[in-house]
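Peer 1: Letter by letter, the chains look like this.
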Amino acid sequence: MVVPRFWRERRSRYSLIGTRCPVCGTVYFPPRSVCPKCGRKSVGKMEEVQLSGKGKVYSYTIVHQNVIGYKYQKPYVMAIIETPEGPKLTGQIVDVEPEKVHIGMPVHAVFRRIAEDGKAGIIQYGYKFIPDEE
Amino acid sequence: MRDVAVIGAGETKYGEHWEKSLRDLAVEAGLKALEDAGIGAEDIQAIFGGNMSAGSFVGQDHVGALISDFAGLAEHKVPAIRVESACASGAAALHSGYMAVASGLYDIVLVGGVEKMTDLPGDMVTDILAGAADREWEVFFGATFPALGAMMARRYMYEYGLTREQMALLPVIAHKHGAMNPDAHFQREVTVDQVLNAPMVADPLTIMNCSPVSDGGAAVVLASADIARKYTDSPIKISASVAANDYISLHARESLTKSPSTIEAGKKAYKMAKKEPKDIDLVEIHDAFSIIALIGIEDLGFAKKGEGIKLAEEGQLYYDGDLPYNVSGGLKAKGHPVGATGVGQVVEIVKQLRNEAGKRQVPNARVGLAHNVGGTMTSSIVHILEVM
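Protein sequence lines, in the order shown, are assigned to chains V and H.
Numbered according to the working numbering, the first sequence spans residues 1 to 134.
Numbered according to the working numbering, the second sequence spans residues 1001 to 1388.
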C-alpha cells in the first residue's frame, strides 16, 4: 500500500477528530459530510469535534482467526466502545487479560501501532483502548 | 409494473471445486437453469450476475462479460451486468433482474450468482470477506467479519440471556437439512456438542457457528408472468422483491441485536406480496453466523425480539415443522459461495414450491421467503415467491 491511504486518515486515527451536526447536535465518528438525521440541512455545516477518548465496552470478542497483518497478535480482544460524546468506535482492547473484559468496563483510547505492511512496508498507527485504572 | 415469474432454476453443487473455475461454475449453473426452462442462451435478453469479489478471489473483474461470452452469447450482443452487494450480491442481482422484467424493458432474463473462493488460503479469504465491513474504521483496527458477528452475539447474550448451547441449535438444524441436499457443501448431521467444542473463531462463535468458504453457482430464468406458461407448467411468481440498506459499520448502529434493514425489507415485502409471516410456508434465512439467522427470524416477524430461539427449541424450524427453516441446509451446511447464495436460496424455494425437493420436501409448500444480507446485516434483501 502507498502512504497516502493511511496518511489521509491521520487526524481521526491519531487525535479522534469527528464531526457534530449543528442542526441536531449529534456527534459522529469517523467524520461525515452529511448528518443522516438532518440530511440537506446539515450539508456544508458539519463541525469538527474531538472525542475525549473515554468510553465503556459495549460489546467485545476474542479473535482467534485474524485478517492479514495481525497474525503476531492473536488471540486479541476486539471491542465496540461506547463514548460519552455519543458515537461508538471499533478497536482493540490491550494491556488486559482477555477473560477480564466485560460489557460496561471503563476504558480509554491510547495511541498504538495497529498493523504493518510486511517487513519493509508502512507501520500503521491509530487508537487502541486500555482499561481505566481501578 | 407487471408480474414476474421464475421459469427455470439450476445450481452447481456447493463445495470445494478444485477442478472448476469461476467461469465453469457460472456457466454450469446458467445452462442448468436454461435447460430447466427449456430455452437456450440465445433466447434471453439480458443477464444480471451476482458476484462479490472475483477481482480479489481470482483476479477477474468484468465478470458479466466473461460469463455471457462463455455461455455462448458473444454473437448475440446481449447485455450482461455484474451486481455487487457483498454477501447479498445474489439477491441484488435477482432484484435487478426482477426490475428489468417488471418494468417491461425485457421479457426474459437470466439471473445468476457465482463465487470461486477456494483458490486462496484462508487468511486471504478472511481479509477479502472483511471488505463487506468498513475497511478503514472496522477492519483496519483488526475486526474480522466473524469478529463483528461475534460482537452481535455477545451483545445479544447480554441483553436477552441467550446461551451458546441455545445458539448451537441453529447449525444443528441446518446440518440436518443439508444432509438431505445433494447440492450441499456439508451433507452430514452435527450435534450441539460438536458445535460447542469446534475451534473458536471469534468468541463466542466457533467455526460451527460460521458458514463455510464455498465455491458455487446458482441461476434462475425470469420471464414476464403472462408468457411464463409458454415455457413451464409450474411457473413460480415473485410476489415481492425488496432491498434496504443501513449504516455499513456495526458500531454506527443504535443496536447490535436488531437489523433495521431486515425489518424494513421484510415489512415492505409482506405488503408488496399481500402476505403476513403466518402465510409463509418455508424460509431461507441468511445464516452466515448463527446470530444473524436468529436476528433475521425475529426481524422478519416470526418471533418477538429475544424469543426467536424458542422456535428452534420447540422443533418448529425442521422441514416438517411449522416454520421450515433453511431446508436447503442454509449458508451453514449448503454452503456460502457469497455471490451465489442469494440466488441459490431462491433455487431452493422454487424446487420446494414445485414439489421437487426430494427427501427434504416441505409438505404443501405454496409460499416461500428468502432473506439474503450483505455485511453485518447492512444490506438486506427479501424475496417472497409463490405458486402461480
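Derived from the structure by calculation, the hints contain no laboratory data.
Hints may contain errors.
[Unchecked claim] One-sided and incomplete, this derived list gives chain H residues near chain V with beta-carbon spacing under 10 Å:
(1) G1040
(2) A1041
(3) E1042
(4) G1122
(5) D1123
(6) E1136
(7) W1137
(8) F1140
(9) F1141
(10) P1199
(11) L1205
(12) I1207
(13) H1251
(14) R1253
(15) K1359
(16) P1363
Cβ atoms here follow ideal geometry from the backbone N, Cα and C, with glycine treated the same way.
Peer 1: Confirm or reject each hint.
Peer 2: Verification of the hints:
1. Because the smallest distance between the Cβ of G1040/H and any Cβ of chain V comes to about 44 Å, over 10 Å, the interface hint for this residue is violated.
2. Residue-level restraint check for A1041/H is violated (minimum Cβ-Cβ distance to chain V is 39 Å; threshold 10 Å).
3. Because the smallest distance between the Cβ of E1042/H and any Cβ of chain V comes to about 44 Å, over 10 Å, the interface hint for this residue is violated.
4. Restraint check, G1122/H versus chain V: the minimum CB separation of about 8 Å is within 10 Å; hint holds.
5. Because the smallest distance between the Cβ of D1123/H and any Cβ of chain V comes to about 6 Å, under 10 Å, the interface hint for this residue holds.
6. The interface hint given for E1136/H holds, since its Cβ lies 6 Å from the closest Cβ of chain V, which is under the 10 Å cut-off.
7. Here the hint on W1137/H is kept, as its CB sits about 5 Å from the closest CB of chain V, short of 10 Å.
8. Nearest Cβ of chain V to the Cβ of F1140/H: about 7 Å, under the 10 Å cut. The hint holds.
9. A hinted interface residue such as F1141/H counts as satisfied when its beta carbon comes closer than 10 Å to some beta carbon of chain V; here the least separation is about 5 Å, so the hint holds.
10. Hint on P1199/H holds. Least Cβ distance to chain V is approximately 7 Å, under the 10 Å limit.
11. Hint on L1205/H holds. Least Cβ distance to chain V is approximately 8 Å, under the 10 Å limit.
12. Look at I1207/H: its Cβ gets to within about 8 Å of chain V, closer than 10 Å, so that hint holds up.
13. Against a cut-off of 10 Å between C-beta atoms, the interface hint on H1251/H holds, since the closest Cβ of chain V lies about 4 Å away.
14. Nearest Cβ of chain V to the Cβ of R1253/H: about 8 Å, under the 10 Å cut. The hint holds.
15. Against a cut-off of 10 Å between C-beta atoms, the interface hint on K1359/H is violated, since the closest Cβ of chain V lies about 34 Å away.
16. Interface restraint check: P1363/H against chain V, minimum CB-CB distance 40 Å, threshold 10 Å, status violated.
Checked against the numbered hints given earlier, the structure breaks hints 1, 2, 3, 15, 16 and satisfies all the rest.
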